[in-house]
Amino acid sequence: MTTKQLMKGCEAIAEAALRGGCRYFFGYPITPQNDIPEYMSARLPEIGGVFLQAESEIAASNMVYGAAGAGARVMTSSSSPGISLKQEGISTIAGAELPCVIVNVMRGGPGIGGIQASQGDYFQSVKGGGHGDYKLIVFGPDSVQEAIDIVYGAFDIADKYRTPVMILADGLIGQMMEPVTMPEFKSDEEIKVEKPWAATGWHEGCGRPRAIINSLYIEDEALEALHERLQARYRIIEQNEVRYEYYNIEDAEVILIAYGTISRVCRSAIDELAEEGIKVGMVRPITLWPFPSQAVLDAVAQPSVKKALAVEISAGQMVEDARLAVNGLKEVAFLGYPGSKIATVEEIIAKVKALREE
Amino acid sequence: MTKVFARTKGLIDVPNHYCPGCGHGIVHRLVAEVLEEMDLLDHTVGVAPVGCAVFAYNYFNCDMYEAAHGRAPAVATGAKRVFPNNCVFTYQGDGDLASIGTAEIVHAAHRGEKITTIFINNAIYGMTGGQMAPTTLVGQRTTTSPKGRDKDLCGEPIRMAELLATIEGSAYIERTAVNNNANIIKTKKAIRKAFETQMERKGFSMVEVLSTCPTNWGKSPIEAMQWLEDEMIPYYPLGVFKEV
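Protein sequences appear in the order of chains A and B. Here the first sequence is numbered in the numbering used here, starting from 1 and rising by one per residue. Here the second sequence is numbered in the numbering used here, starting from 1001 and rising by one per residue.
So here's chain A without its partners, still in its complex pose (with noise of 0.2 Å):
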């Protein structure tokens, strides 16, 4: 199917989650995320799946943990305060070695916070939000369709490494309709993953050792091995798993660093100063992480860039990973609100006039 529809982001997540495998949903209400348990309770019975609405967040996230034990391809989705909650689950997946996919719809926080769009949960999602040196694959669309290009294939990439996968969308990426092709439903044969360590029902001879679903290594060296087998995973992702794009970036002068929703606000700002003679351009993170560190550094280190400024929709929480990418080479400037407003074209256009004449 190519034709065109126009989408509300989050039962366009639920959709192509669909699509890309899920038969499982463990959810509980929470705005801005409340399209996707709403879609998924419909739909997911017409496929012959599950969709349960459980009593917590807490819930709901150690729901996920039984059903990608078993080796199911399982979902959940949440806004900030829920996903604060999910963090037990979801440290318990990682350590576990499980897969599984978490869309988080970002609001304001912290605490109950507000309900507009945010990106104050990057530090959470990028740095561990759970108790424990582990990593989540997580992912910043900037529209609808792209949201739907990375559900699509996020349960792939959750089987692939066994690790549990962030979708972190701000509340407009949910919230908004726009014009999208979904792409068609995955075969069985192409979600069919081998799992023969799920915990299925089991006998002796049965043709794999009995599986035990797990997050407790008591033993120092059982937990130092799951510790190199985690390392080694995630430095294979950062090599394969990188995605970025680049807008404008030759001969600029100034390199903007934006994702999600922001970032369009960035191109708007940088095509306006195009036509006045000004070359500014974008580096935007598609994974948040692995950091598309390299990509950032190439970016800013041309002989043209005078200055690279962050924006987001917070205090500022990726801008210190791109500082880290550009180590001091040059100044990393930040514009970006953390409570309900987001930075104009206007407000942007300013800032990187001012910076040009610092």
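Calculated from the structure, these hints are not laboratory results. Be aware that one or more of the hints could be misleading.
In silico negatives: residues of chain A with every beta carbon more than 12 Å from chain B [claimed, not checked]: (1) 116; (2) 210; (3) 225; (4) 240; (5) 295; (6) 316; (7) 346.
Label-pair restraints from in silico Cβ distances [stated by the list, open to error]: (8) A:238 x B:1223: 43 to 53 Å; (9) B:1221 x A:324: 51 to 61 Å; (10) A:223 x B:1017: 51 to 61 Å; (11) B:1168 x A:196: 37 to 47 Å; (12) A:238 x B:1237: 55 to 65 Å.
Quick reminder that beta carbons are idealized off the backbone N, C-alpha and C, glycines included.
Following the hints, position chain B against chain A.
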């Protein structure tokens, strides 16, 4: 020579870590025997708790999960929904089930989740060193109630079997004890009934087993059995609280 007794196939032949006189060993064996006798072992998935039974996955001879503290019923829900024909059980202590995991157990029952819960009530946190549990008796000394549980400060012990029996989705709820042979036999029958309830898809099933913790109670194994009989059973009456 005729073999008249053998270790159940439901238990792996390894030494367990439980203290002398602890009731876990008895209940593990009863659960394993029932699973073997009902021919369920090859499609049973168990969920171990956080607590003294945290290593139950090393003892039960079937596929197993280890759940985060209190979340075994949620994990079991995920496992059961993916394989509805499997026999899925949780094995939980009183800190796990009656304190941190109350939401998960109440809602597993409320959904009528077709799982079986084996709930070990020994009125104390064992693994962490004898702290007060919601099930600790009034006046009972623990490491966090050194002068004895004060009901004005901490309330009175929670009766989970009675509580869960009020929930529509509960299909079989019984409380038993392991203080003597007669009660151990009754416990095994209750466990069998609970698994039958699950496999007949009637709803949620739980057996609450009053058990001993001589180490943290500061008693010998025999004294502990006597204390269970004299102090626990009067407060936690034995019997079937729900059967549909």
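**Request:** Say whether it holds or is violated: residue 210 of chain A keeps its Cβ farther than 12 Å from all Cβ of chain B.
**Result:** Non-interface label on residue 210 of chain A violated, nearest chain B Cβ at 6 Å vs cutoff 12 Å.
Residue 324 of chain A and residue 1221 of chain B - C-beta distance against the hinted 51 to 61 Å = Between residue 1221 of chain B and residue 324 of chain A, where Cβ atoms are some 59 Å apart, the hint holds.
Hey, does residue 346 of chain A actually stay past 12 Å from chain B on C-beta? 48 Å, holds
Is 37 to 47 Å a correct range for the gap between the Cβ atoms of residue 1168 of chain B and residue 196 of chain A? 39 Å, holds
For residue 238 of chain A and residue 1223 of chain B, compare the CB-CB distance with the range 43 to 53 Å and indicate the outcome. At 59 Å between Cβs, range violated.
Exclusion check [residue 116 of chain A not at the chain B interface, CB over 12 Å]
30 Å, holds
Falls inside 55 to 65 Å, the C-beta gap from residue 238 of chain A to residue 1237 of chain B?
60 Å, holds
So is residue 240 of chain A really clear of chain B, every C-beta pair being over 12 Å apart?
-> Answer for residue 240 of chain A: holds, closest chain B Cβ roughly 29 Å.
Would you say residue 295 of chain A is clear of chain B, with no C-beta pair closer than or equal to 12 Å?
-> 37 Å, holds
### Query
Once the closest CB in chain B is found, is it more than 12 Å from residue 316 of chain A?
The claim holds: residue 316 of chain A sits with its nearest Cβ about 33 Å from chain B, beyond 12 Å.
Check your understanding: Checking the smallest CB distance to chain B, is residue 225 of chain A really beyond 12 Å?
Key -> 17 Å, holds
Can you tell me whether the CB distance of residue 223 of chain A to residue 1017 of chain B sits inside 51 to 61 Å?
Violated, at about 18 Å.
The structure is inconsistent with the numbered hints 2, 8 and 10, although it conforms to all the rest.
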